[in-house]
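Model the full assembly from the supplied sequences, consistent with the hints where possible.
Given next are the chains, with one letter for each unit.
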Amino acid sequence: MQRAIALVDCNNFYVSCERLFQPRLEGKPVVVLSNNDGCVVSRSQEIKNLGVKMAMPWFQLKNLAKRHGIIALSSNYTLYADISNRVMRLLSQYSPDQEVYSIDESFLDLTGMDGISDLTEYAQTMRSTIKRCVGIPVCVGIAPSKTLAKLANHVAKKHKQFHGVCDFNAMSARVLDNLLARIEVGEVWGVGRRSTERLQQMGINTALELKFSPAKRVRAEFGVVMERIVAELNGEACLELDEVTPPRQQIICSRSFGMPVTLLEDLEQAVIAYASRAAEKLRDQQSLAGGIQVYIRTSPHKKEAQQYQQAILLPLFEPTDDTRLLCRTALSALRQIYRSGFEYQKAGVMLTEIIAVSARPRTLFEDVAAQQKSTALMSTLDSINRRMGSGTLQLLGEGVSKNWSMRRGNKSQRYTTEWNELAVATTSTTP
Amino acid sequence: MQHSIYPGSQRTTHGLLSLTHPNKELFHRQRAMLRSVVPAGFPSPADDYVEQRTSLDEHLIQHRESTFFMRVAGNSMNGLGIYDGDLLVVDRALPATHGCVVIAVLDGEFTVKQFLHTPEGQILRAAHLDYPDTLIKPEQDFSVWGVVSWNVHKL
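So the sequences go chain by chain: A and B.
Here the first sequence stands for residues 1 to 431, where the numbers follow the numbering used here.
Here the second sequence stands for residues 432 to 586, where the numbers follow the numbering used here.
Note that these hints are calculated values from the structure, not bench results.
Just so you know, these numbers come straight off a predicted model, no measurement behind them.
There's no promise every hint is true.
No farther apart than 20 Å at their CA atoms in a straight line, the calculated lysine to any residue pairs in the SDA-like style are these [as the list claims (entries may be wrong)]:
{"id": "1", "chain 1": "A", "residue 1": "Lys131", "chain 2": "B", "residue 2": "Ser574"}
{"id": "2", "chain 1": "B", "residue 1": "Lys568", "chain 2": "A", "residue 2": "Pro137"}
{"id": "3", "chain 1": "A", "residue 1": "Lys28", "chain 2": "B", "residue 2": "Ser574"}
{"id": "4", "chain 1": "A", "residue 1": "Lys28", "chain 2": "A", "residue 2": "Pro137"}
{"id": "5", "chain 1": "B", "residue 1": "Lys585", "chain 2": "B", "residue 2": "Asn509"}
{"id": "6", "chain 1": "B", "residue 1": "Lys585", "chain 2": "A", "residue 2": "Pro23"}
{"id": "7", "chain 1": "A", "residue 1": "Lys131", "chain 2": "B", "residue 2": "Leu537"}
So, in structure tokens, the structure goes:
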């Protein structure tokens, strides 16, 4: 039986979330900016039509923005995460096998679904249900492999005549190849910028040319990953759906500051905040960390300023998930790499050597009572923050004023997760 | 113990609540409190009848993924018992039938109104004598955002 893998992808996801609760943004050119209002991370169709590329820095756009009345919003990840969860849970009703691939993409295995003869129609029901129930427009690509499903989705988005659903399985080989011939090789899932350049040097410019490239040569030049991509382009499913995301092997918490930071104590606050957040993520996935890395750097974009960056990895005495211990270690790491006289722009904390709590190694000198006390304290901390909102209870070292905290000039309300930020409906329309 | 019942609680085969709590020690303490143990070691005859406590979420929310809350501003829906500051439960999955109360988007703004299908066209009606009906004109930017299924009003 032919495999049928669907990739469902939300259109302009962050912008669509914002429009759901601010309908007046409909039809207007809207961008959502990254943390710290740095660069473009989501674009409305109007913005794409203006030729604005993804990841473009906001300051380069300011003139264009003035001319076209571009509305720029700070990212509101709390809202996007809730809307994403709703979309993903609705999608899970359409297939027994789902892989949530990113905040706005999900693979569904539609192979051999009982009683469904027309997958295009099935996908259209899926689209209209999500639009109606959650208000988010999506496109669906269907194909025998994940790599092709990605491309089918790309086609569904690009070409209006597909009405948002493109099923490669329902096409003749000739029609499919015609489509692939019009897709640049860099668009293929897993083909990075560097490989794109090398492929082009070999005369492989389109998805179709990659599909028919000699397997042996590709393997010799690029290794098995590219060989697998070629097989996938030929309709052979090499990548299975990952139904559960495995616990992360590294947890990173890093952010750019709202303004340059020079003082050690401000950096200390930031590092404690990031270490606390990372520790929370660690406990969420019921793991322990064996090492912690801290890094700081100045802004590489400020060419005239003195540059400095440094990272250090410190091992922990024994694997732990205790915020206090992780923060203490992070602080001593920071003090070892901090140099005064620089304008720091970013700091980060990374937890490494992550193991499951159940795999905690027994040591001769371990203090079981202290461990239990720590576990109890941490779970109290987590449950209070879960119930009362994140950041309710924190280590004092994080600081209360947070000079360094992110710039989010134009963030919308958390319409679905905060009682005092709900959308408001007026009863009277101005007569 | 205030936080003994978590949203993820489930009935187990013993008729006890199973608490999804990361902390084992706390879990066992809570469990001990739920199950009334008599000194002789016989469990209470009521243990088999412990059930999930009634929840307002369950009562008010028919479709979890398509339900949103909104706040009311203004008094022109008072006639239908919807007051300034009330909490609306809005379900996007329900069809906007004649006579139901909807969240409409009119010229880019949210408004809560009764929705009527008439021979003249679609009408948004307030529940207050001072406010006339709004007949939707074809050139107007109009859509139904969701259907109001409940109003939560503080007494």
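Evaluation of the provided hints:
Annotation: proposed proximity of lysine 131 of chain A to serine 574 of chain B holds, straight-line Cα distance about 13 Å (limit 20 Å). Under the criterion of a C-alpha separation no larger than 20 Å, the hint pairing lysine 568 of chain B with proline 137 of chain A is inconsistent with the structure, at around 26 Å. As the CA atoms of lysine 28 of chain A and serine 574 of chain B are separated by approximately 17 Å, the hinted pair is consistent with the 20 Å bound. Distance check on the hinted pair: lysine 28 of chain A and proline 137 of chain A sit about 16 Å apart at the alpha-carbon level, within 20 Å; holds.
Annotation: proposed proximity of lysine 585 of chain B to asparagine 509 of chain B holds, straight-line Cα distance about 14 Å (limit 20 Å). A C-alpha spacing of about 29 Å is found between lysine 585 of chain B and proline 23 of chain A, which places the hinted pair above 20 Å, so the restraint is violated. Proposed proximity of lysine 131 of chain A and leucine 537 of chain B is supported: the alpha carbons are some 19 Å apart, at most 20 Å.
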